[in-house]
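A.B. asks: Each chain is listed here by its residues.
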Amino acid sequence: MAANQRIPPRRRSSLLLGLAVSSLLLACALDRQAALEPHRWWAGLGPVLPHDTFPADCGLCHLGDDWWTLREDFRFDHGAETGVPLHGAHAAAGCLSCHNDRGPVAVFASQGCAGCHEDVHRGSLENTCESCHTEQTWQPFGQVERHGRTRFPLIGVHAVTACRRCHTGAEVGVFLPAPADCAACHQADLAQALNPNHLGLGWVDNCDRCHLPTSWNQAELDQ
Amino acid sequence: MAWAMHRLGPGPGPAPGALRLLALWLLAACPGRLWASASPGTGVLQEQAPLPVRVVQSSPGGLLEIDRGAADGVRLGDRVLLMPRGAGTLEGRVIEVQERSAGVEMLGSTAAIAVGTRGEVWLPAAAPGQVEPQDAAPEPATDASPAAPPGAAPQAPKPAWKRIDEWREGQPLLSGLERVAPEDRPRSVRGRVWVGVDQIVTDLEGRGDGFYRLGSNLWVDNPFGAGGSLEWQGDLSYRRTLLPDQDDDELGLLRVERLAYRLGGTRQQADAYAFGRFLQHVPALGLLDGAEWVRRSPGGDRYGASLGFLPQPDPQLESAEDLALAGFYEWNRDETEELSARIAYQKTFHNWSADRDLVVLEGRYLPRRGWKAFLTGLIDLYTSGDELKSGLELTQARLSVWRDFSHQGVRFTAYSQRFPQIDGDLVPVLSLVQLADQRTERASVDLWTDLFPHARLLAGGGGWVDEEDDGADANVGLELSDLWSERDRLQLGAFLTQGKFTDVLGWRAALDLPLAGGQARLAYEYAWQDVVGFLDENDDLPQQRLSLSQDWFTAEGWSLTMRADWVLFDDDQGLWLGFFVQKTF
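Chains W and X are the protein sequences, given in the same order. To convert, note that position 14 of the first sequence is 14 in the numbering used here; the numbers rise steadily by one, no gaps. To convert, note that position 76 of the second sequence is 1076 in the numbering used here; the numbers rise steadily by one, no gaps.
Isolated chain W (complex conformation) (with noise of 0.2 Å):
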């Protein structure tokens, strides 16, 4: 009651509007810091996107004041800048896609393709996409060179079949080791061998000692 006393009721009023307002401010100020926050455990590796060594004019590459919009000049010369250069579809990128949220480039970069990129073969293959793809289209080159290295080298015909013939998940990057028997992939040309009739002589194995693997149609007699 003394205190009541003590502050007439107009400032009473006054007292507890700039209460709620200060209250008001405070949850603002709060729930910026909160916004301000993230990082989390990837904090001490830097900002997401380091303008530390850039120009002071931000003018120099935004227009506007949404920070989104680039000037239709911008030329960003990756390697001068940074030392690390980009090539291929990298050089044409825009920033965002690998200087964004998800975490500190340096550490997707240190883990080579995948560190960006889905590693659509499912780990069944090597982790250096670069031996088989371009950078420019993604598109692939070599494969008869490599497979020269298993133990079906690719000869005759079969240097110019398409991957998805013996390999079924070729088309969704899914490369396992083909079975190397010849029925694996040509059981329909052995049912249809009828003259003479392999199925019914037997003739289901050991193609190799008649037919040459240029051309499963050439059959050549062992003299």
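Calculated from the structure, these hints are not laboratory results. Check each hint, because a few of them may be wrong.
Said to hold, decoys possible - Covered by chain W, according to a simulated footprint, are these stretches of chain X (three or more residues, beta-carbon under 8 Å):
1. 1266-1279
2. 1361-1375
3. 1434-1440
4. 1463-1471
5. 1489-1499
6. 1547-1561
7. 1564-1574
Predicted, not measured: the structure shown is a model, and the values here were computed from it. Cβ atoms here follow ideal geometry from the backbone N, Cα and C, with glycine treated the same way.
Since the structure of chain W is provided, determine the placement of chain X on it from the hints.
C.D. replies: Chain X in isolation, oriented as in the chain W frame:
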């Protein structure tokens, strides 16, 4: 002294007494500097220091604007050196000064100076705003910092930029800038669209192949205002294989490879969710039609779980037959994730009946320097319901260990593959005999060493074992680079393979040539093939291959790849033509 003369020159200036006081102060405060200026071989530049600048605006009349002004110590008449790419060092003078910018008049043409060109303004070393040179490692030489032309002033080491405010935790971009949350960002779309054609023609009657596709890949960032991303990848394709004495094998389909909504998993949000068709966090667990949750713990480890159907790894990606439930744990030693290990378990139900129990083990050690290692292992657990196999079986394993030294490198690779006994069609369909016996194991080592600049020796070898045979391979080659132009490469090599049905001995040459707007590759290979099991006079088959491919790409995101592989084998020949055009946006 130039700075002193500029400031203390004729005209209204400080009184003579003040000049004396200033001179005494300079003498007392800067003896080292005066001593340095008096030392031989120094001169004017010892009293000045460069301030890095950028060209902000360029006008045809020769007047440039730079991003530094009076607040940085720039004053009228200061000397400016600009280093446009590939045009040496150009000189100018400051003729106009604003607080944060300055106008520069060049002494020569400004045609080569584009916005963004780097340069220096030479200021008195003690000018306000001047940053202190630091003992930073020298920057790698680039086109932007060419050697000074004859007659130009020698360049002092460039000072490193100094942060005004040190970056602190919670400030994702520039110091002092507030983070823009993913949900506050404008919606954006990026992706690519492509058309591909592969056509194989042979002179073998009735044998050929065609594969045609039109595909797209889209990422929509923040599509619904919640900060997530929507991913699509799919294609419309048609393939037709011509087989002698058989009906053509043809198939046309619309395939959805990815259609997923992902949320979280950022620096700010430890939980990540994915819904739809996507590749799981542990790729070996496969594509999933369902949902996945992954959490990153404060210590950096991750764990998660998923539920959904596994599409079969065939062209159609048929789904809804194999229901999978999986969980994983990923350990990371520290923030860099250089050393990590994962274990995952997946239980599959084929048509609602218990089927596969799969354990995935993965490990990687990828330091920036030193030895690196990568390991993947798939272990199938067989229960009493499995008729053919029991216990544990390592059905797939791959190990790579490698290291690149400054002038040498070595890589060791090993893999093992067996086929698990499962009811679903998640692996190639095999007969029971094949399922029991089929296995492939291979180990190889590859080495390279620089013989001298632009010449590298390559060598490799390996061995393989399967259920009934074994064999080996070896190769040696020489790689020459930068012969005619930067980044060109010529490889010459010989190879030997002991295969299952064929032994091969041959040589090849390949030339990679960067061209304007693209790259070309020309390769030729000649091989003698000894077909195992034939008589000596009927088992040698020479084979030649000639391949040519070329990539073109533009800054607008268009790319075109064309390739032609011609194979001449025995008395027959085949030609593989490929065409791929893609637009990235």
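A.B. asks: Taking the hints in turn, state whether each one holds.
C.D. replies: Hints, one by one, checked against the model:
no., hint, result
1, 1266-1279, "holds (count 5)"
2, 1361-1375, "holds (count 6)"
3, 1434-1440, "holds (count 3)"
4, 1463-1471, "holds (count 4)"
5, 1489-1499, "holds (count 3)"
6, 1547-1561, "holds (count 7)"
7, 1564-1574, "holds (count 6)"
In the structure shown, no violation is registered for any of the earlier numbered hints.
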